[in-house]
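Generate the whole structure from the sequences, applying the supplied hints.
These protein sequence lines are chains W and A, in that order.
Counting in our numbering, the first sequence runs from 454 upward without gaps.
Counting in our numbering, the second sequence runs from 4 upward without gaps.
Derived from the structure by calculation, the hints contain no laboratory data.
A virtual CB, placed ideally from N, CA and C, is assigned to each residue, including glycine.
Hints are supplied without guarantee of correctness; some may be wrong.
[As the list claims (entries may be wrong)] Below, a list of computed lysine to aspartate or glutamate pairs in the EDC-like style, where the Cα atoms sit at most 20 Å apart:
1) W/Lys781 - A/Asp44
2) W/Lys668 - W/Glu478
3) W/Lys786 - A/Asp44
4) W/Lys808 - A/Glu129
[What the hints assert, rightly or not] Chain W side only, calculated, beta carbon under 10 Å to chain A, not exhaustive:
5) Val464
6) Ile697
7) Arg788
8) Val792
9) Ala817
10) Gly831
Next come the chains, spelled out residue by residue.
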Amino acid sequence: MNITNMMPRSVAVNPLALIDRIIAELELGAQLYESVTASYEAVAAALAKIHPELQVSIFPQGSMRLGTTILHLFGERFDLDMVCSLAISGKIYTPEQVFELVWDALGQHDTYRQMRQKKNRCIRIEYAPECKYYLDIVPAVPDWVISGSLYVPDRERKVWCPSHPVAYCDKWFKTACKELPTFRPIMLRNMSAAVVMANAKTSVEPMPEFGAFEKTPLQRIVQMLKHDRNDHFQNDTAHRPSSILLTTITTKSYLESVNRPVDDLLEFVINVVKGLPEFIYMTGIESVQKYHVLNPVNPNENFAECWTGEHYVRFLMWQKRAVARLEKLQQAKGRGTDVMMNRLSETFGNNQVIKAARALGVDANALHDAGELRVSAGVVGTAGASIPATINFGSDN
Amino acid sequence: MEPAFLPMAIQADCLRRHFPWGQTTLHHNSVSWRGNIAPHDYGRTYSVEMVYRRGTTPKVWVRGPDLKLLANERRLPHMYDQKAQELCLYLPGCGFWTISKPVASTIMLWACLWLFYFELWLVTNEWHGRGVHPPP
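Below, the structure is given as structure tokens:
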């Protein structure tokens with residue numbers, strides 16, 4: 454797409470519209486996406502050449518498939534998960550054998566031999582430093598119980614672990630993304646009833662921040678929470694809730710919240726984050742408590758398998774902080790752009806916020822040039838009376 | 004050719020229709036509007052006064068809050084008068100505003116836009132609207 458021909462998305466000044474702009478800078482962009490695709494296709498071709506009988510296919514799973522990538526806090530790279538599916542039986546081969554098979558095959562390739570690195574469940578391909586991603590290749594074999602599901606090797610535990618990355622994303626998550634929040638009818642500030650009625654007939658922008666979302670609200674909420682989690686757990690990775698666990702409970706809380714009418718999207722997001730703990734189930738007595746966040750498409754997989762009471766306590770601490778920060782943003786309403794943006798800086802840092810504010814200013818000016826910048830009840834946006842062209846003049850002398 | 008003068012009564016009528024929440028006052032040779040403007044939901048509410056007298060150009064002041072205080076003593080951008088907080092809304096003599104145009108659909112909208120850009124300026128320290136400063 455030609456960037457210069459693109460109309461600005463929105464001039465909405467609210468925390469979520471800014472978060473949307475900030476995250477758009479921190480996610481895997483279209484250009485990088487193409488480069489990643491070329492990279493994993495090259496890996497697949499190399500493997501297929503060595504083992505044509507295995508019908509190797511590589512496809513994205515996790516955040517790349519879900520559209521919820523987010524750049525590491527201080528790192529410059531994305532961790533991108535790829536499934537490397539092989540047409541062999543996990544009943545005949547052990548998890549270690551299959552892992553080694555892929556490892557050895559990559560070792561026969563001049564390029565990948567130097568780049569491969571063993572992890573517990575995947576083989577990491579590390580590209581040159583200027584490349585902004587790693588590929589984590591997860592070997593997988595077909596599940597012999599549930600059709601369409603997969604087994605992936607766990608090297609430490611020497612077992613096959615069930616995995617259902619395609620159905621999780623394409624059937625469950627993407628379906629949830631189609632659900633949208635329910636809003637109460639809007640009353641415009643500063644307006645008499647007559648003016649509200651008159652405006653209702655014309656084009657009142659229903660949810661300015663909504664149009665600002667290039668992605669679905671669910672994807673953006675997941676990205677926002679992942680970013681906040683990375684920040685909170687930067688020195689405590691051992692207790693950091695995994696992305697798949699976080700995505701699962703966020704989606705469940707989202708689905709629970711969509712039918713509760715709200716005034717604006719921020720109120721909705723607060724409901725979603727407040728509801729997160731409800732989707733972590735506990736069994737057993739205190740000393741041997743087990744935690745459960747089941748894979749919605751494969752109940753044999755528990756994303757909270759390794760959780761202890763400490764994980765849960767620290768999760769709640771993070772979740773409470775996230776709610777408090779969002780509520781502080783909500784309370785910034787009517788108190789000034791600068792106040793709201795300063796509060797956003799707590800989560801995203803000053804530089805990211807200033808960058809987003811600048812982009813908003815550029816978009817507003819471009820909309821004004823196009824005759825699309827409008828005022829309704831004193832509010833500058835894309836509804837109401839078109840603002841004629843002007844040039845602000847000097848200062849006092 | 005001098006554009007046709009828009010009568011003050013029509014100016015007042017446009018103000019009452021488009022900015023009904025404020026106080027529009029019509030005199031024989033002048034019209035004024037006083038009221039609150041918040042440039043968006045998260046913006047502050049500013050007390051704004053607009054006065055247009057026949058034979059002069061319309062003037063707009065922010066009567067409160069103190070912008071200089073918000074700006075942390077930075078010099079305010081696009082101001083005719085830093086102390087009185089009189090806003091520079093258009094480049095004079097270029098036809099942006101003429102006596103034939105309603106202030107409600109020009110000056111007043113620019114005042115809203117000025118406040119919008121002012122709040123962004125507080126954060127970025129840049130004026131994102133079109134603007135020129137005269138040489139000192």
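Now for the hints, and whether the structure bears them out:
1. W/Lys781 - A/Asp44: holds (15 Å)
2. W/Lys668 - W/Glu478: It holds: about 13 Å lies between the C-alpha atoms, which stays within 20 Å.
3. W/Lys786 - A/Asp44: holds (6 Å)
4. W/Lys808 - A/Glu129: holds (12 Å)
5. Val464: holds (8 Å)
6. Ile697: Given a least distance of 34 Å, the restraint on W/Ile697 is violated.
7. Arg788: holds (6 Å)
8. Val792: holds (8 Å)
9. Ala817: W/Ala817 check passes; min Cβ-Cβ to chain A is 6 Å, inside 10 Å.
10. Gly831: Holds, because the Cβ-Cβ distance from W/Gly831 to chain A comes to roughly 4 Å (cut-off 10 Å).
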